[in-house]
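Line order of the protein sequences matches chains A and B.
Remember, the numbering used here sits 658 above the position in the first sequence when you count from 1.
Remember, the numbering used here sits 29 above the position in the second sequence when you count from 1.
Careful, some of the hints might be misleading.
Covered, in the sense of this in silico footprint (three residues per stretch, anywhere, with C-beta under 8 Å from a C-beta of chain A), are these stretches of chain B [unchecked claim]:
#1 70-83
#2 102-112
#3 118-127
#4 133-143
Straight-line distance between alpha carbons at most 25 Å, and here's what the computed DMTMM-like set of lysine to aspartate or glutamate pairs gives [stated by the list, open to error]:
#5 Lys667(A) x Asp183(B)
#6 Lys266(B) x Asp232(B)
#7 Lys660(A) x Asp120(B)
#8 Lys859(A) x Asp232(B)
#9 Lys661(A) x Asp144(B)
#10 Lys160(B) x Glu802(A)
#11 Lys667(A) x Asp120(B)
#12 Lys145(B) x Glu669(A)
#13 Lys210(B) x Glu101(B)
#14 Lys160(B) x Glu147(B)
#15 Lys661(A) x Glu147(B)
#16 Lys767(A) x Asp676(A)
#17 Lys115(B) x Glu191(B)
#18 Lys1021(A) x Glu101(B)
#19 Lys661(A) x Asp232(B)
#20 Lys115(B) x Glu802(A)
#21 Lys115(B) x Glu669(A)
#22 Lys36(B) x Asp197(B)
#23 Lys36(B) x Glu56(B)
#24 Lys667(A) x Glu103(B)
#25 Lys938(A) x Asp120(B)
#26 Lys667(A) x Glu141(B)
#27 Lys767(A) x Asp742(A)
#28 Lys43(B) x Glu103(B)
#29 Lys252(B) x Glu262(B)
#30 Lys667(A) x Glu159(B)
#31 Lys115(B) x Glu159(B)
#32 Lys210(B) x Glu159(B)
FYI, nobody ran anything at the bench for these hints, they're computed from the structure.
Beta carbons are placed, not taken as given, at the ideal position from N, Cα and C, and that holds for glycine.
Chain by chain, the residues run as shown.
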Amino acid sequence: MKKFWAFVKKEFRHILRDKRTLLILLGMPVAQVIIFGYAITNEFKNADIIVLDQAKDDLSFKLTQKLTASGHLRLNGTVQNYADIHRQFQTGKVKMAVVIPPGFDQEMKRGTAQVQLIADGSEPNYASTLVAYASQMIATFQMEQAPASILQSSNPPILVQTQMLYNPQLVSAYLFVPGVMALILMLISAMMTSLTIAREKELGTMELLLVSPLHPLLMVVGKVVPYVLIAFMDGVLVLAVGNLVFDVPIRGSMALLLIMSVLYVLAALSLGVLISTKAKSQQQAMMMSLMALMLPTVLLSDFIFPLKSMPVPLQVIGNAIPAKWFIAILKDVMLKGVGWHFIWQKAAVLGGMSLFFLLLAMKNFKTRLA
Amino acid sequence: MKMEAIKANNLTKKFGAFTAVDTISFEVREGEVFGFLGANGAGKTTAMKMLTGLLSPTSGEGSVAGFDVYKEAEKIKRNIGYMSQKFALYDDLTVRENVRFFGGIYGLRRREVLDKTERLLEELELQSVEKQQVGSLPLGWKQRLAFSVALLHDPRIVFLDEPTGGVDPITRRQFWEMIYKAAAQGVTVFVTTHYMDEAEYCDRVSIMVNGKIEALDTPGALKQQFGAGSMDEVFLKLARG
């Protein structure tokens, strides 16, 4: 045991002495939350719209006012025909056009009014968010303005009411905090562990350790211990920044959240050790963890891009990634506030993966020493 | 009656179809300085790895400090010291931290480590740089420190893999003085080297060519046997076949 602590102490010295590593370990989580928080956002403010008002009556004027009243949409002028709309879109300033057909007033009274929304499809996410928002505003307007006779008639206009549960404002921060958490823990646990083991190989100190009576298993555990601690600090850091800066709630049990993180970190560490058994240099370890761990964790884990809309082979890969399950669990616990009995299946999958990678890593590490 | 520190009997290591070490047999007596020579790729390092428990032999028998290389690798590790050709210490740890770390993983007691650290720093005259990171020291100093660290846990046998690569003759000379001092205290020294003048310092030398030991005797006897004026000539004659 004394040998083991001597080893752990040495690992901490390596980490504390290397200012750059330290900066990565502690600065990156904060930087990532902030960057993702402000960069990847579907929210909009002051989006410029134009109106082609062919009705020019009292109601069409009110509708225009209604749309721009909240401050989310801003009227960038009115145009006279469709050709103008195209010209405006081409300048890139305008993101959506609202077309109010002639006789809007009359149609409203009969309950058959129509409004056309034209959006810039070259930015699909932004466009659909705008259209969704405008549709909702128009529906509300209809409720307010339509004569009571229409609403009570046997054939009332169908009003769709949308409610976004758990994240009513569709704040994107709610989505990326679990994602960043998964990414950071993977980065610290897997990449850093594989790098530090690869470094010993590169420098030749590995031989010294292997001829010493220190058991190889203790060596691996000793390598991993400091990074587990740091991973936890970073996990808490990400949650704290998400909570304080972006108001991301933690509705469920914190203890459950941490237990799930342990499972995930275990899987990540095993992957790190696994990589280090294959990689001969730090550079190799770096490339392998970037290609095999980081990219899938970002792209195929439901973090930024929804897995459900991907082709089947990618979905299969996505489901084999620990991050996918971890993120799903985090969302459940943080946003929905559900307890153990709702997430146990996902937790079982994650735990199974952790166990699998752990056994695989141990097996490979032993054969390498034969 | 001295017992053998190292015994090898038809020790062989194959990597696939390639035979790196081909049925070598030799014995190293306790307290002896044994030179293990050979060109690059002759199989020296592989042989050494089998003896230090890093590699498992393909066939043959071997024992180090009386322990079997197949079954008692753990016991062997406790009784040997090892210094590799990279003089590997941790560059980002200080002199003192390196000593304490290696003391720690060999399971020395805290008190013991402290005492030995003081004595070692004094002997090597490294007190003034004990708080400096090892990376900033000259190569010669690092090598001497690495050697002392390899002896820290009082091993019975110390393996040195090209310990004096890349330094000037004066530093090499100092290094060999340390080797003699250790040998005088009863430590068996098993050393590989490229430098034939160093071979002259050894009690006995073996010369490996293509995985086989082609010659083994005292430097004097070898020179006589091959009718050569120096170990350099002996080596060239053997290596060229």
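Do the hints match the structure? See the list:
1. Residues of the stretch 70-83 of chain B with a Cβ under 8 Å from some Cβ of chain A number 3, which satisfies the need for three, so the listed coverage holds.
2. Closer than 8 Å: that is the beta-carbon criterion, and the stretch 102-112 of chain B has 5 residues meeting it against chain A, so the requirement of 3 holds.
3. With a threshold of 8 Å between beta carbons, the proposed coverage of the stretch 118-127 of chain B by chain A holds, since 6 of its residues qualify and at least three are required.
4. Three residues within the 8 Å Cβ limit are the bar, and the stretch 133-143 of chain B against chain A gives 4, so the coverage statement holds.
5. The suggested pairing of Lys667(A) with Asp183(B) holds, with an alpha-carbon distance near 23 Å, which does not exceed 25 Å.
6. Only pairs whose Cα atoms come within 25 Å are accepted, and Lys266(B) paired with Asp232(B) is accepted, the gap being roughly 21 Å.
7. With a CA separation close to 23 Å, the supplied pair Lys660(A) and Asp120(B) stays within the 25 Å bound.
8. Taking the CA atoms of Lys859(A) and Asp232(B), the gap is about 33 Å. The hint is violated against a cut of 25 Å.
9. With a C-alpha separation of about 18 Å, the suggested pair Lys661(A) and Asp144(B) falls inside the 25 Å cut-off, and the hint holds.
10. Among the hinted pairs, Lys160(B) with Glu802(A) is inconsistent with the structure: their alpha-carbon atoms are about 79 Å apart, more than 25 Å.
11. Distance check on the hinted pair: Lys667(A) and Asp120(B) sit about 15 Å apart at the alpha-carbon level, within 25 Å; holds.
12. About 23 Å separates the Cα atoms of Lys145(B) and Glu669(A), which keeps this hinted pair within 25 Å; it holds.
13. Proximity of Lys210(B) to Glu101(B) is assessed by CA-CA distance (about 29 Å); at most 25 Å being required, the pair is judged violated.
14. Note on Lys160(B) and Glu147(B): the hinted pairing holds, with a Cα-Cα distance of about 13 Å set against a maximum of 25 Å.
15. With a CA separation close to 20 Å, the supplied pair Lys661(A) and Glu147(B) stays within the 25 Å bound.
16. Taking the CA atoms of Lys767(A) and Asp676(A), the gap is about 74 Å. The hint is violated against a cut of 25 Å.
17. For the hint pairing Lys115(B) with Glu191(B), the CA-to-CA distance comes to about 9 Å; that is within 25 Å, so the pair holds.
18. Of the pairs offered as hints, the one joining Lys1021(A) and Glu101(B) holds, with about 21 Å between alpha carbons and a cut-off of 25 Å not exceeded.
19. For the hint pairing Lys661(A) with Asp232(B), the CA-to-CA distance comes to about 36 Å; that exceeds 25 Å, so the pair is violated.
20. At most 25 Å may separate the alpha-carbon atoms for a hinted pair to count; Lys115(B) and Glu802(A) exceed this at roughly 82 Å.
21. The suggested pairing of Lys115(B) with Glu669(A) holds, with an alpha-carbon distance near 20 Å, which does not exceed 25 Å.
22. Under the criterion of a C-alpha separation no larger than 25 Å, the hint pairing Lys36(B) with Asp197(B) is inconsistent with the structure, at around 33 Å.
23. About 5 Å separates the Cα atoms of Lys36(B) and Glu56(B), which keeps this hinted pair within 25 Å; it holds.
24. Of the pairs offered as hints, the one joining Lys667(A) and Glu103(B) holds, with about 23 Å between alpha carbons and a cut-off of 25 Å not exceeded.
25. This hinted pair checks out: Lys938(A) and Asp120(B) have alpha carbons roughly 19 Å apart, not beyond 25 Å.
26. At most 25 Å may separate the alpha-carbon atoms for a hinted pair to count; Lys667(A) and Glu141(B) meet this at roughly 18 Å.
27. Straight-line distance between C-alpha atoms of Lys767(A) and Asp742(A) comes to about 29 Å, which puts the hinted pair past the 25 Å bound.
28. With a C-alpha separation of about 23 Å, the suggested pairing of Lys43(B) with Glu103(B) holds against the 25 Å cut-off.
29. Pair hint Lys252(B) plus Glu262(B) holds up; C-alpha atoms about 8 Å apart against a cutoff of 25 Å.
30. As the CA atoms of Lys667(A) and Glu159(B) are separated by approximately 18 Å, the hinted pair is consistent with the 25 Å bound.
31. Restraint check for Lys115(B) and Glu159(B): satisfied, since their Cα atoms lie roughly 21 Å apart, inside the 25 Å limit.
32. Simply put, Lys210(B) and Glu159(B) have alpha-carbon atoms about 23 Å apart, close enough for the 25 Å limit, and the pair holds.
Checked against the numbered hints given earlier, the structure breaks hints 8, 10, 13, 16, 19, 20, 22 and 27 and satisfies all the rest.
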